[in-house]
Amino acid sequence: MLDVRGLRKVYEGAGRRVEAVRDLTFTVGAGELVCLVGPSGCGKTTLLKCVAGLLAPTAGEILLGGRPVTGPPPGMAVVFQEYGRSLFPWMRVGENVELPLKQQRMPKARRRELVADALRSVGLTDAAGAYPWQLSGGMQQRVAIARALAYEPDVLLMDEPFAAVDAQTRADLEDLVRGLWRARGITVLFVTHDIDEAVYLGERVLVLSASPTVVREQLSIDLPSERDQLHTRVAPRFAELRTQVYAQVQAAKRGAAVPAADVRTPTPPAT
Amino acid sequence: MKDAHLDGAPPERARGGRPELTNAALGAAGLAGFLALCEAVPRLGIVSAEYFPPVSRIADALVGELGDGAFWTALGDTLTGWALGLAIAVTAGVLAGVVISVVPYLREATASTIEFLRPIPSVALIPLAVLLYGTELRSVLLLVVYASFWQVLLQTLYGVRDVDPVAEETARSYGLGTWARVRHVLWPTALPYVMTGVRLAAAVALILAVTAELVIGAPGLGARIAVAQTSQAVPEMYALVVVTGVLGLLINVGARTVERRALAWHQSVRGEVAV
Amino acid sequence: MKRPALRLVLALALPVLLVTVWWFASAGSTDVYRPPLRTILTTFPDVWTGERLRADVLPSLLRLLAGYAAAAVLGVALGTVIGSYRRVRAVCEPVLEFLRAVPPPVLVPVIMLFAGIGDTMKVAVIASGCVWPVLLNTVEGVRAVDPVLSETARGYGITGAARLRHVVLRSASPQIFTGLRQALSIGIILMVISEMFAASNGLGFTIVQFQRQFAIPGMWTGILLLGLLGFLLSVVFQLVERRVLGWYHGLRASSRRSP
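Residue numbers (my numbering), protein chains in the order written: chain A, 1145 to 1415; chain B, 466 to 740; chain C, 1177 to 1435.
Please keep in mind that the hints were generated in silico from the structure rather than gathered at the bench. Careful, some of the hints might be misleading.
Pulled a few chain B residues facing chain C out of the computed Cβ check, cut under 8 Å [unchecked claim]:
| id | residue |
| --- | --- |
| 1 | GLY495 |
| 2 | ILE585 |
| 3 | LEU593 |
| 4 | LEU602 |
| 5 | LEU714 |
Just a sample of chain A residues kept apart from chain C, beta carbon distances all over 10 Å, derived [what the hints assert, rightly or not]:
| id | residue |
| --- | --- |
| 6 | GLU1156 |
| 7 | LEU1207 |
| 8 | ARG1229 |
| 9 | ARG1322 |
| 10 | ASP1366 |
If you're wondering where the values come from, they're calculated on a predicted model, not measured in any experiment. For glycine and all other residues, C-beta sits at the position ideal for the given N, C-alpha and C.
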């Protein structure tokens, strides 16, 4: 479904070059939920923006369903971390969800159906008439997810979507994403810096190195597909996988402590 | 949050060398282009040079003005009206703002009156000024003070409203009296807003000073423009318009610099309160 | 129950007090320049008859409306273009800064050269004075569109005209309205002084006529009417603004509650 081949991204600044991503190759199968985890400042956001077609890679290519990504491809939706800034504050919740569909010139009846369905699946049917800023952070992120769902994407990219919500809301949203993934068979690429979250959500976890980024390790998460916050997180296998990922991330961080000469720049591109 | 900025910034910066330098060069090019256009349009006969003389002739006229003592007197008159009016408006605006905020119920009692008086266009007072003071400086001051007073007053009121209730209560609980609270809590909070008010008032004051001179005939640059117009001295008129523009520019830049200097210590990110 | 009543009393007390003071202080006035308020008020309906409103006030308002609308359209359109391209902005900035700094009233004699003393001149004067605050605020607003919002829109294929309409202009609308508000007060000033300079009808013209003929109570009624007009226009503006920017005020209030 999604092929990333030899992706490289170098920012050329005033008299300095920052190599954010060195050489990334991985594949996400159709209907798979893959988590990307890595130390902070490891170029995760850069990678995701390249995949989303929002940034042009310096080298390498990204194929979506066999076709190269050169701009934001149809059939791909992104959920950003900053829910407060990715929803349009001048539109009500329903209009926020509907706008991308309007842009596709979809008939009104179908649009209504999709919006209602998406809001129902995130449990926000009653909030359609509210403005985003009238909702709590967790609810706002639900709206962003609903907007992505209504778009009926083949691939859903999520960039640390729950990094800015409180722990309990976060657990709820994780279950929501996993539930939606199972119910709808969407391909999900989920970026996070939270190891537990990656193991809990993913079918597969890719551990990235520190910037300039390469894939350090791929782990299959062989937990049962029926997961819940209470039991999964205390399962011995969960602890093992978690430890394994943790060790890899720690090693990646140590690797970052002795960087190549061209990496040490005043402001390396974060995440 | 940080990611987005960092990721967004490099591509834009990537194209040219130093951004400030390129911007300055582009700005200079823009200015040069504008001047060249203003020279070419009348020379090519697109607009009659009688209405719109080429830049070079305006520059000649400007040099002529700069060598004329009467011009400097006029400039001095305009600046006097501006500075005096602004000083009165700022003093009155700040005092009134603080008093209205500190005395209980006064804010509520004055709100409707302020809302009514503020939008009254100051030029409505022109005939009154003419009758009462003729072409004296006081005419100019009446208009300038009326127009700029509201800018300062409103920003002061907004600023005082921004005082953190926790800070205010802390000060109260430590037994600070009214004056001490005004000095240590209220004033530092309101200062950024007051400075914004002063900057806005400085621009308005210049507009009204020139208007008063232009319409009433009080001595100053505005009156000189009116004279140039009636005597068909078109290039001189344009030269004087340019001078008022430069004056406005200097006042804007100066006010912004003072504002930034005075508030270098201030942490708060304050939006300009829309008036 | 008590709060609204108290608020009403507080809102009315000072205006009533001021008018009363004016009334009694001026009651026995023999100063020609400061006639009793009573005289001014009784003169008001005689001066501002329906005929005069139609012949003088209406033309003024129409000119203001035409100039203001032209400035708004031009300012927003140009501001959007300049704000969208970094290089265009860099090229235009110094020139715009200068043009904005020119006190708008000095444009009256300049524009009179081109457009004579007719309606065209007045509309052009109002438009050329009002355009700068709108233009510069639009530039700032368009420039400050949130990058996350902008990328979200791009990710969902919202580009071109739809992006302009749903994202850029909406996001810039608070700044655009700040500019429009500044432009409104400049517009009223220019409306009045362009008529004081050269006109055969209009509010500014009439008031100056009264003053020149020493029809002092008439002049005072004109000043009152102008004040009333300024107040009404600002009320209308606020109503429109509250409707269009309801979301913005709500957003600000909510972010103030939970920073």
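Which of the stated hints cannot be reconciled with the structure, identified by number in ascending sequence?
Structure breaks hints 4, 8.
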